[in-house]
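Protein chains: 2
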Amino acid sequence: MIRKYTYGKPFQTEAVVLQQKTESGALPYFQEIKEDGTLTLTYEMDPKDVVYGLGENVRGINKRGWIYESRCMDDPVHVETCHSLYASHNFFVLSGKETFGVFVDYAGIISFDIGYTHLNQLSMTPQESDMDIYIIEGESVLDIVRQFRELVGMSYIPPKWAFGYQQCRWSYMDEDEIREVVKNHRENHIPLDSVYLDIDYMERYKDFSINEETFPKFPEFVQEMKDQHVRLVPIIDAGVKIEEGYDTYEEGVKNNYFCKNADGTDFVAGVWPGRVHFPDMLNPKARDWFGKSYKFLLDQGIEGFWNDMNEPALFYSEENLNNVFAKLGDYQGRNLDNDIYNEFLGMIHGLPNNRDDYKLFFHNVNGKMVRHDKVHNLFGYNMTRAAGEAFEELEPDKRILMFSRSSYVGMHRYGGIWMGDNKAWWAHLLMNLKMQPSLNMMGILYTGADIGGFGDDTTEDLVMRWTQFALFSPLMRNHAAMGTRYQEAYSFDNTDTFRKIIEIRYALVPYIYSEYMKAAIKNDMYFKPLSFVYPEDEHAAQVEDQLMVGESLMCAPVYTQNATGRYVYLPEDMLMIKAKGTEDYICEKMTKGHHYVEVALDEMLLFVRPGHILPLVKPADSVEQLDTDNVKVIGYKNQAASYEMYDDNGFTRNYDLDKNITTIKVSADGDVEVEGAKTLKVTTELY
Amino acid sequence: MIRKYTYGKPFQTEAVVLQQKTESGALPYFQEIKEDGTLTLTYEMDPKDVVYGLGENVRGINKRGWIYESRCMDDPVHVETCHSLYASHNFFVLSGKETFGVFVDYAGIISFDIGYTHLNQLSMTPQESDMDIYIIEGESVLDIVRQFRELVGMSYIPPKWAFGYQQCRWSYMDEDEIREVVKNHRENHIPLDSVYLDIDYMERYKDFSINEETFPKFPEFVQEMKDQHVRLVPIIDAGVKIEEGYDTYEEGVKNNYFCKNADGTDFVAGVWPGRVHFPDMLNPKARDWFGKSYKFLLDQGIEGFWNDMNEPALFYSEENLNNVFAKLGDYQGRNLDNDIYNEFLGMIHGLPNNRDDYKLFFHNVNGKMVRHDKVHNLFGYNMTRAAGEAFEELEPDKRILMFSRSSYVGMHRYGGIWMGDNKAWWAHLLMNLKMQPSLNMMGILYTGADIGGFGDDTTEDLVMRWTQFALFSPLMRNHAAMGTRYQEAYSFDNTDTFRKIIEIRYALVPYIYSEYMKAAIKNDMYFKPLSFVYPEDEHAAQVEDQLMVGESLMCAPVYTQNATGRYVYLPEDMLMIKAKGTEDYICEKMTKGHHYVEVALDEMLLFVRPGHILPLVKPADSVEQLDTDNVKVIGYKNQAASYEMYDDNGFTRNYDLDKNITTIKVSADGDVEVEGAKTLKVTTELY
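These protein sequence lines are chains A and B, in that order.
Start counting the first sequence at 15; every next residue gets the next number (this note's numbering).
Start counting the second sequence at 15; every next residue gets the next number (this note's numbering).
In short, the hints are calculated from the structure, not lab data.
Glycine residues also receive a C-beta, built at the ideal position from the N, C-alpha and C atoms.
Treat the hints with care, since some could be wrong.
Claimed, not checked - Derived CB-CB ranges, DEER-like:
id, chain 1, residue 1, chain 2, residue 2, range
1, B, 535, A, 49, 55 to 63 Å
2, B, 651, A, 610, 23 to 31 Å
3, B, 535, A, 62, 42 to 50 Å
4, B, 599, A, 610, 22 to 30 Å
5, A, 605, B, 353, 53 to 61 Å
6, B, 354, A, 201, 33 to 41 Å
7, B, 258, A, 383, 23 to 31 Å
8, B, 409, A, 360, 37 to 45 Å
9, A, 60, B, 701, 31 to 39 Å
The task is simple: from the sequences and hints, build the whole structure.
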């Protein structure tokens, strides 16, 4: 049951697709405290309550013990004391003595104090009390999540090739460098489905431009790659370079499509190209215009994009930069002691993503000027929506890959996300795992973190362990920043090990795709915390380093350097597969409970649930080349099980569940029966 | 067996106290590679080799998988990809197929690539090849460590009160604030032995001065605190403020005691007071003068100090600051695109601790000018040595508490360390644990990290879990930075829980002090990795979250937020004590192997080894008030065990092992016998 409560006059975020009437009574569960005009809603938690959700944030699957502030923010060094990441995901479920879900539909900045100030108190404080709050009750945490997902609409579905392995770097600078990357994969038989174009493919960081020196024959090059089953995926930035004669800039200025200063002039910020304007993503006309601009690249054969810097990230505002420069001279020649030096540094450190800068510019929402900070968290969402809505028009019969750095609930209908600029930290591998189910709760199913870490130099073992986990992620992309160590799968000593790990991904693609599609269509989660599947298991909620992956699997990656094993908790008897590769694995039946399992650096673990089977295919160089008609299923002897395998052509937009399901049934005797959409040849391997 | 090999003309660090003759042959184990004048020594590791040591550094007890650079460095945000921390500790033991220890006695910057570039290669690259390398072989890793410790001399011993609980903050600003801190501890019966004075007790950050406005009657105040069994511990900074009429400054200038520019003028850097000179800690006369300056505070009743900023940390050099200011204007009015903006920011970010600044100044070493960067890692060591040598003269019959932020091997004879400016991160609690045995290997026994984390806002549960671990640390100090949340033990909701945890520390003080003293006198380790005690146990080397604490105990703290339990590995059968407080605990005999143990937030675990007993006393408000004549021992039924308890008056400098040992023997029948120095009343609790 969903109930909606309205405070003040909320800005309409359009996150919700099922309209609800507003309740007249008081908000249940929470106490309202008003102090100095600020509203805080508090709830007294039981010490054993668990809080799930809040999407992209640091810390645990259980969010207790910190303050999270929804304020989309570019923080590439997000340590565990960081309050805001790239997204704003105001939905959580409190599970315990009382169990209920809360979605605060609010475009502005809001903080969630979940046991920080007081261990057992949860409180929510929006910047201004204009918001819709949805209280969701249900039979279980998962039921509450499903209701929420229905409320906010069906998740985005990417093309099937986007479930392949993807390689990125800031930046592969020209055609030849990309050819080399592809060649290295193909020659080593490391599967690969796409290569990314980071900011340097553009001419001086201008959106919807190609650097013709480094990519002289772009459409031909796109085709050349596609002939090798490799898609190129260019980046699009939020800021539009200020440059006379540059069409996107000129059109935006002419039509008032850019965000404005208070005096009606176009707001100027600094990003990659230096001085830019921000397209007014909340203005429907501007959104339409910006979305249609992707056509420039679609027309050259591009089938996927990633939207970046759309918090929006600011290196500086022109206004603040001028202020800072005006003051710098004052410090010259003085004795810069602690106080004065910190003041000086503070000015410089305050240039990027300054809170005050977000109060300088305005959106035109149906003729009404809205100050940006009041709707800050909707910018990235609406940039991606701009593209998504345009693609539906421009490419009605084709899925276009789209994911974004910044997001808000609702954006999940138009694209996925990557988890932003992470680091080559073991801590971020584990955080990657913990974030996945929280994001799935928001409806964001197409997700993944940069494998190996984006910033800082990585190590071979970290990339290896991360790849072993990330092969379960819908978005499986290796990405690294300029100046850091090269970390492609062939860049280290043990190329064969990487090949074998990534081949496991390709053997799993039919399962991963099938589970993804079912989760998207049925408003289900692809990655689940153990406690969502085993709510009666008292220990399950303690497990923050294993996940359920679709209906058949549990994963338990190694995320500690030099570890040659790990503890694993089995909420029921399971079949463990310890694999070095698709042809090199052992299976062992294990009992419910705690286990210590040896896992060498080149090995990984997956667990098949009883009553379930795991379908696998032979790996190939790309998703398109997979033979999905010949399936091996791994399962249990003397136990009937079946699997509903979803498959389709992988690129059109009709996602009919009934028409695309093939059911594989294995009887207790081990006999196989296949029913439904496809004719499959199935072999079994039962234990 | 220790062999010494000499490359070039090493600067004499005086780390070593047992003189060794130099071997004539080639360095064993390593291959020498010379490229462009740079010497690299490489060793091919077996995949299963473990590398222990390197003291204060990030990552695991097993150092494999990263590059560590010995370059004493102020890095308050030391994430796992940090290469250098506050210290330089060039000793490690490789354990595996071959087992040997390596100590590179080198004052300059050296990097240790332990499986970073290639997973199975270890390489060492000094900035210049002038160094002594000691190769140590022995019966075991622990034997190698003991030989090394004999080579570098006996560890520093603090007064006994320094084993009490200590409270710090940057800063308690005046007498009344400190009175309040003490009162809050005493009223809540939270034991407390000292309160720290951070930089604001000084007059304008001037060493050896007192702010007379905030501490108007300092000696009286010191005595007032001492009457409550609380010592005040002031900070001393490396830089001396440039200020006419300030005696320390005037004396230093007059006698040429400060580090020099190339032209012979005094080098100017910026630290807390703004412009400072650095005392030339490598000049014996300057060292003597600086050490004697502590008398100013000793004379006012002070009995302990902490030496800070002695890497030395630089906010800027005057020269570079002037250069930067001269260039800043060039950026005004330009289009600051990515390249230009990064250049601009790079200049500012390059101000603190700039590598080039360390090449600007010189030491006068017996008449010879030595450029600082070539002996960089000796600065903090010699600042602390200055104090330590002075204390021996000034207070020959009294131990003075002394610990330092920066250190080099050899400094362990003059003081302990704290682990520098850490963060309120769960990751740093675990790092704290891992660093302890590595530091003990270096001879640094008096160690501890800032409980709760220095930087960033902490949480109640983090402080609680951290206190539960830190109660085993010789230095047990809660400390937090300016602007962060208050985190004294009475600052949160559950004051009683904190009191009960800290009382456990006081019950353990006789054991901790006894084990510390025996470790110091016998060149043993107080904290050991499990594998040092159980070298035959194949799993022990994998355990990076438990430590052996002295001869009787193993600790296994919880270091994960919201965890209500943890996995524990027992290398043999042990007696588990799960404690909420000294009167509130359960004991359970557990078998060798892997266990999952429930540990509520207010509970902690300790494990007593078979054949050993754990002596405990009744807690008190301070160490001085402990009744150490009445001892309860916890041990095993039907198992003879004995414990050699070291005790002394706790403040004089004669550490006679024979005279100060009392042996407690518990027979298999449970009978108790006490022999030796003291008459103890012993009760037993056997399981």
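Against the structure, the hints:
no., hint, result
1, 535(B) with 49(A): 55 to 63 Å, "59 Å, holds"
2, 651(B) with 610(A): 23 to 31 Å, "30 Å, holds"
3, 535(B) with 62(A): 42 to 50 Å, "48 Å, holds"
4, 599(B) with 610(A): 22 to 30 Å, "27 Å, holds"
5, 605(A) with 353(B): 53 to 61 Å, "60 Å, holds"
6, 354(B) with 201(A): 33 to 41 Å, "40 Å, holds"
7, 258(B) with 383(A): 23 to 31 Å, "58 Å, violated"
8, 409(B) with 360(A): 37 to 45 Å, "43 Å, holds"
9, 60(A) with 701(B): 31 to 39 Å, "34 Å, holds"
Hint 7 alone, counting from the list given before, is not met by this structure.
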